[in-house]
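Residue numbers (the working numbering), protein chains in the order written: chain A, 1 to 330; chain B, 1 to 366.
Worth flagging that the hints you see were computed from the coordinates, not collected in a lab.
There's no promise every hint is true.
Stated by the list, open to error - Once the Cα atoms are required to be at most 30 Å apart in a straight line, the calculated DSS-like pairs of lysine-lysine come out as:
#1 B:K107 to B:K12
#2 B:K8 to B:K153
#3 B:K153 to A:K238
#4 B:K73 to B:K103
#5 B:K153 to B:K12
#6 B:K167 to B:K184
#7 B:K265 to B:K29
#8 B:K8 to B:K103
#9 A:K238 to B:K265
#10 B:K29 to B:K184
#11 B:K107 to B:K167
#12 A:K219 to B:K153
#13 A:K219 to B:K111
#14 B:K8 to B:K29
#15 B:K8 to B:K107
#16 B:K153 to B:K111
#17 B:K167 to B:K73
#18 B:K153 to B:K73
#19 B:K29 to B:K178
#20 A:K219 to B:K104
#21 B:K104 to B:K153
#22 B:K184 to B:K265
#23 B:K167 to A:K219
#24 B:K184 to B:K8
#25 B:K103 to B:K167
#26 B:K167 to B:K178
#27 B:K8 to A:K238
#28 B:K103 to A:K219
#29 B:K178 to B:K73
#30 B:K265 to B:K281
#31 B:K12 to A:K219
#32 A:K238 to B:K167
#33 B:K281 to A:K219
#34 A:K219 to B:K265
#35 A:K238 to B:K107
#36 B:K184 to B:K153
#37 B:K29 to A:K238
#38 B:K111 to B:K73
#39 B:K8 to A:K219
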Amino acid sequence: MALQAVAAEMPRLASHGSLARSRRWALITSYLFLILFAIFFLVPPYYQLVTATKTSEQISNQNTNPWLPALSAGQEGLNPGGANAGKADLAKIRRDSWLPAAVQGFMANVSQLMNNTDFPIYFRNSVIVTVCVVVITMVIAVPAAFSLGRMRFWGSGILATGVFLTYLVPDSLLFIPLFKVVGGLGLLNSYWGLVLVYPTLTLPFCTWIMIGYFQSIPKELDEAALIDGANHVQMLFKIFIPVALPGLIAATIFAFAVSWAAFVYPMAFIYSSDQLVLTAGTVTTLVKGDVYQWGMIMTAALIAATPPLVIYAFLMDYYIAGLTAGATKG
Amino acid sequence: MANVALRKVVKKYDRTEAVRGIDLDIADKEFIVLVGPSGCGKSTTLRMIAGLEEVTDGEILIGGDLVNDVPPKDRDIAMVFQNYALYPHMTVYENMSFGLRLKKFPKAEIKSRVENAARILGINELLDRRPRQLSGGQRQRVAMGRAIVRNPKVFLFDEPLSNLDAKLRVQMRTEIKKVHQTVKTTTVYVTHDQVEAMTLADRVVVMNAGIIEQLGTPHELYHAPTTKFVAGFIGSPAMNFIDCDLVEAGGGGLSARLGNGLSFKVPPDRAARYKSHVGRKLIFGLRPEHITERRGDLRPDCQEFDATLDVVEPMGMETMVYFMIEDTEVCGRVNPSAAGRPGQPMRLVAELGNMHLIDPQTDAVI
Numbered sequence: 001m002a003l004q005a006v007a008a009e010m011p012r013l014a015s016h017g018s019l020a021r022s023r024r025w026a027l028i029t030s031y032l033f034l035i036l037f038a039i040f041f042l043v044p045p046y047y048q049l050v051t052a053t054k055t056s057e058q059i060s061n062q063n064t065n066p067w068l069p070a071l072s073a074g075q076e077g078l079n080p081g082g083a084n085a086g087k088a089d090l091a092k093i094r095r096d097s098w099l100p101a102a103v104q105g106f107m108a109n110v111s112q113l114m115n116n117t118d119f120p121i122y123f124r125n126s127v128i129v130t131v132c133v134v135v136i137t138m139v140i141a142v143p144a145a146f147s148l149g150r151m152r153f154w155g156s157g158i159l160a161t162g163v164f165l166t167y168l169v170p171d172s173l174l175f176i177p178l179f180k181v182v183g184g185l186g187l188l189n190s191y192w193g194l195v196l197v198y199p200t201l202t203l204p205f206c207t208w209i210m211i212g213y214f215q216s217i218p219k220e221l222d223e224a225a226l227i228d229g230a231n232h233v234q235m236l237f238k239i240f241i242p243v244a245l246p247g248l249i250a251a252t253i254f255a256f257a258v259s260w261a262a263f264v265y266p267m268a269f270i271y272s273s274d275q276l277v278l279t280a281g282t283v284t285t286l287v288k289g290d291v292y293q294w295g296m297i298m299t300a301a302l303i304a305a306t307p308p309l310v311i312y313a314f315l316m317d318y319y320i321a322g323l324t325a326g327a328t329k330g
Numbered sequence: 001m002a003n004v005a006l007r008k009v010v011k012k013y014d015r016t017e018a019v020r021g022i023d024l025d026i027a028d029k030e031f032i033v034l035v036g037p038s039g040c041g042k043s044t045t046l047r048m049i050a051g052l053e054e055v056t057d058g059e060i061l062i063g064g065d066l067v068n069d070v071p072p073k074d075r076d077i078a079m080v081f082q083n084y085a086l087y088p089h090m091t092v093y094e095n096m097s098f099g100l101r102l103k104k105f106p107k108a109e110i111k112s113r114v115e116n117a118a119r120i121l122g123i124n125e126l127l128d129r130r131p132r133q134l135s136g137g138q139r140q141r142v143a144m145g146r147a148i149v150r151n152p153k154v155f156l157f158d159e160p161l162s163n164l165d166a167k168l169r170v171q172m173r174t175e176i177k178k179v180h181q182t183v184k185t186t187t188v189y190v191t192h193d194q195v196e197a198m199t200l201a202d203r204v205v206v207m208n209a210g211i212i213e214q215l216g217t218p219h220e221l222y223h224a225p226t227t228k229f230v231a232g233f234i235g236s237p238a239m240n241f242i243d244c245d246l247v248e249a250g251g252g253g254l255s256a257r258l259g260n261g262l263s264f265k266v267p268p269d270r271a272a273r274y275k276s277h278v279g280r281k282l283i284f285g286l287r288p289e290h291i292t293e294r295r296g297d298l299r300p301d302c303q304e305f306d307a308t309l310d311v312v313e314p315m316g317m318e319t320m321v322y323f324m325i326e327d328t329e330v331c332g333r334v335n336p337s338a339a340g341r342p343g344q345p346m347r348l349v350a351e352l353g354n355m356h357l358i359d360p361q362t363d364a365v366i
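Please build the complete structure, drawing on both the sequences and the hints.
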């Protein structure tokens with residue numbers, strides 16, 4: 001009897017063991033691939049960071065490892081006797097400074113960028129353009145999404161699809177006709193032209209995200225508001241916008257990222273230094289002919305990447321949080 | 001406080017007719033329940049009263065005023081939704097006071113109204129919480145509170161208890177009845193649960209396929225259904241329907257012949273009512289609770305018969321027994337101690353004073 005019981009128990013134990021094993025393997029494989037992907041995606045920023053800490057001499061020196069930061073100003077890689085340009089940078093990296101050479105190199109690049117180039121102007125222009133674009137986008141996208149997603153009217157479905165279709169046209173196709181439009185308006189070589197043009201990239205997608213968010217809000221919520229006596233404007237501002245806040249923030253981040261990083265339009269529409277934005281400006285001023293000032297290019301890219309990074313980091317919680325929980329049965 | 005009247009109300013969606021001409025008079029302070037299976041048009045009717053759906057044809061009057069083209073906010077109604085529809089970003093207090101704030105009521109008035117409603121519902125200590133921090137029952141109370149503070153002419157409930165678990169549902173049912181007795185407002189309540197309908201309503205409206213099947217007190221619907229649908233819909237388990245032949249028995253009496261050699265004598269006081277249908281095929285209806293074991297002396301309107309039990313379902317307080325008459329499964333409700341075992345014969349009593357005969361052509365109860 002007891003033997004039988006044991007025999008009956010055996011196969012169940014075995015299958016239990018294989019279940020745990022297959023789960024372990026699944027975990028190992030996921031970790032393996034996650035690590036691989038993490039490395040894959042982190043290598044470029046790492047290389048960027050390392051390069052940003054070096055002077056042009058350090059970068060062009062064949063004796064140093066390009067993947068490692070410069071360890072000290074006095075190491076053999078520095079080649080202080082070199083006759084090339086950049087002596088000023090080198091002079092800044094003092095052998096007796098208590099700061100590591102990497103930090104000193106980075107500081108030197110930053111001060112070069114800030115004092116000897118138009119980088120601060122580009123940065124300011126980028127901020128102006130981006131803030132304007134984000135504001136314009138949200139002011140138009142939110143009411144548009146509300147009316148398209150919530151107020152059924154003749155053709156609203158087709159219109160919503162049409163909005164999305166415009167997003168599918170790439171900017172590399174649009175910039176030539178838009179060049180004519182911007183030129184016709186006399187806004188060529190002015191960042192106000194960018195403020196006008198960027199919403200063609202941001203608006204369709206943001207409207208589309210907001211339509212999705214508004215549609216996910218239960219219908220009973222607006223009916224309750226309707227019975228409570230709210231008109232459509234009150235409904236939008238007192239119910240829909242607060243409830244769809246995560247979506248609103250997602251759309252804002254998207255609009256910000258797109259207009260901060262847009263490259264084709266400023267490259268095509270702007271040519272004087274006082275009107276350029278970060279993306280196009282960095283490339284046009286720091287690459288002279290075939291001379292690449294890698295240290296400064298990477299430093300500029302690093303500084304340019306900081307605002308999106310900060311915004312992602314701080315708004316990510318909102319981005320993810322489901323504020324709608326508890327509205328209805330959940 | 002107001003009465004509500006529906007005059008030949010019709011609702012059409014494209015081609016389908018959801019509501020097909022409803023006439024209904026709801027008295028002031030009355031608690032009316034619309035009940036019926038899904039798709040019978042009960043929710044649509046309620047939403048037309050609320051103003052959330054346009055009326056295709058007919059008239060809706062609240063307090064004597066025609067409201068067909070009046071927007072919901074000006075109808076002076078309050079509605080409680082199945083999924084509560086609380087504003088997730090507002091506290092309970094803000095949820096309840098939202099309507100009053102939109103109407104620019106003075107702050108002190110809002111405060112006293114909200115606190116009064118919260119006291120009625122026992123949610124005073126929840127006023128600072130947000131909906132996601134509340135349980136299902138608490139959310140439902142808040143939704144009711146939001147309706148009460150408005151002090152409307154009419155309360156509308158759209159299946160408010162369907163999302164709650166069974167125990168809470170019974171509790172909240174009592175709560176709703178209590179609230180109605182306290183605030184005494186005309187109430188229209190939609191449910192698919194006939195037990196809810198029977199327990200809450202002053203009068204029940206049974207709807208089916210867009211029309212009113214029957215309107216009456218719970219007692220009338222149970223004891224005197226006018227159609228086969230109502231007879232089958234009200235009561236649980238449902239009424240047994242068995243095909244029968246109505247024939248003349250000796251001495252001027254009538255009897256219903258059911259098959260299996262079983263024949264029930266029609267009580268003499270019903271004979272006159274059924275006389276004109278003699279010789280026809282009809283449907284015999286009897287509720288499970290009127291098929292029992294013998295209790296004491298056999299009353300004149302009762303008749304004993306034998307059945308072989310197929311299934312026996314003990315429920316605690318009583319036991320359901322199932323047996324076949326011809327091809328029809330019939331349910332009886334007996335005392336647990338009297339119930340036999342499956343496969344065994346049992347002597348049962350049919351209380352024929354509660355029988356119904358239904359015309360299969362019109363589905364009307366004769």
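Here's how the hints hold up against the structure:
1. In summary, the hint linking K107 of chain B to K12 of chain B is not supported, as the alpha carbons are separated by about 43 Å, beyond the 30 Å threshold.
2. Annotation: proposed proximity of K8 of chain B to K153 of chain B holds, straight-line Cα distance about 22 Å (limit 30 Å).
3. Restraint check for K153 of chain B and K238 of chain A: the C-alpha separation of about 26 Å stays at or below 30 Å, so the hint holds.
4. For the suggested pair K73 of chain B and K103 of chain B, the alpha carbons sit about 10 Å apart, so the restraint of at most 30 Å is met.
5. For the suggested pair K153 of chain B and K12 of chain B, the alpha carbons sit about 27 Å apart, so the restraint of at most 30 Å is met.
6. The straight-line distance between the Cα atoms of K167 of chain B and K184 of chain B is roughly 26 Å, inside the 30 Å bound, and the hint therefore holds.
7. Distance check on the hinted pair: K265 of chain B and K29 of chain B sit about 45 Å apart at the alpha-carbon level, beyond 30 Å; violated.
8. This hinted pair does not check out: K8 of chain B and K103 of chain B have alpha carbons roughly 33 Å apart, beyond 30 Å.
9. Proposed proximity of K238 of chain A and K265 of chain B is contradicted: the alpha carbons are some 69 Å apart, above 30 Å.
10. Of the supplied pair hints, the one linking K29 of chain B and K184 of chain B holds, its CA atoms being roughly 5 Å apart against a limit of 30 Å.
11. Distance check on the hinted pair: K107 of chain B and K167 of chain B sit about 38 Å apart at the alpha-carbon level, beyond 30 Å; violated.
12. A hinted pair counts as satisfied when its Cα atoms are at most 30 Å apart, and K219 of chain A with K153 of chain B qualifies at roughly 24 Å.
13. At roughly 28 Å between alpha-carbon atoms, K219 of chain A and K111 of chain B fall within 30 Å of each other, so this suggested pair holds.
14. A hinted pair counts as satisfied when its Cα atoms are at most 30 Å apart, and K8 of chain B with K29 of chain B qualifies at roughly 23 Å.
15. With a C-alpha separation of about 43 Å, the suggested pairing of K8 of chain B with K107 of chain B is violated against the 30 Å cut-off.
16. Only pairs whose Cα atoms come within 30 Å are accepted, and K153 of chain B paired with K111 of chain B is accepted, the gap being roughly 21 Å.
17. A distance of roughly 34 Å separates the Cα atoms of K167 of chain B and K73 of chain B; the hinted pair therefore is violated under the 30 Å criterion.
18. For the given pair, K153 of chain B sits about 12 Å from K73 of chain B by alpha-carbon distance, which is consistent with the 30 Å threshold.
19. With a CA separation close to 13 Å, the supplied pair K29 of chain B and K178 of chain B stays within the 30 Å bound.
20. Between the alpha carbons of K219 of chain A and K104 of chain B the distance comes to roughly 25 Å, so the proposed pair stays at or under 30 Å and holds.
21. Between K104 of chain B and K153 of chain B the CA atoms are separated by roughly 19 Å; this keeps the pair inside 30 Å, and the hint holds.
22. With a CA separation close to 47 Å, the supplied pair K184 of chain B and K265 of chain B exceeds the 30 Å bound.
23. Under the criterion of a C-alpha separation no larger than 30 Å, the hint pairing K167 of chain B with K219 of chain A is consistent with the structure, at around 28 Å.
24. Of the supplied pair hints, the one linking K184 of chain B and K8 of chain B holds, its CA atoms being roughly 27 Å apart against a limit of 30 Å.
25. Between K103 of chain B and K167 of chain B the alpha-carbon distance is near 37 Å, which puts this suggested pair outside the 30 Å criterion.
26. Between the alpha carbons of K167 of chain B and K178 of chain B the distance comes to roughly 17 Å, so the proposed pair stays at or under 30 Å and holds.
27. Proposed proximity of K8 of chain B and K238 of chain A is contradicted: the alpha carbons are some 38 Å apart, above 30 Å.
28. Straight-line distance between C-alpha atoms of K103 of chain B and K219 of chain A comes to about 22 Å, which keeps the hinted pair within the 30 Å bound.
29. Pair hint K178 of chain B plus K73 of chain B holds up; C-alpha atoms about 26 Å apart against a cutoff of 30 Å.
30. The suggested pairing of K265 of chain B with K281 of chain B holds, with an alpha-carbon distance near 16 Å, which does not exceed 30 Å.
31. Distance check on the hinted pair: K12 of chain B and K219 of chain A sit about 20 Å apart at the alpha-carbon level, within 30 Å; holds.
32. For the given pair, K238 of chain A sits about 35 Å from K167 of chain B by alpha-carbon distance, which is inconsistent with the 30 Å threshold.
33. About 50 Å separates the Cα atoms of K281 of chain B and K219 of chain A, which puts this hinted pair outside 30 Å; it is violated.
34. In summary, the hint linking K219 of chain A to K265 of chain B is not supported, as the alpha carbons are separated by about 56 Å, beyond the 30 Å threshold.
35. Restraint check for K238 of chain A and K107 of chain B: satisfied, since their Cα atoms lie roughly 18 Å apart, inside the 30 Å limit.
36. Taking the CA atoms of K184 of chain B and K153 of chain B, the gap is about 10 Å. The hint holds against a cut of 30 Å.
37. A threshold of 30 Å between alpha carbons decides the hint, and for K29 of chain B with K238 of chain A the separation of about 33 Å lies outside it, so the pair is violated.
38. Of the supplied pair hints, the one linking K111 of chain B and K73 of chain B holds, its CA atoms being roughly 21 Å apart against a limit of 30 Å.
39. Straight-line distance between C-alpha atoms of K8 of chain B and K219 of chain A comes to about 28 Å, which keeps the hinted pair within the 30 Å bound.
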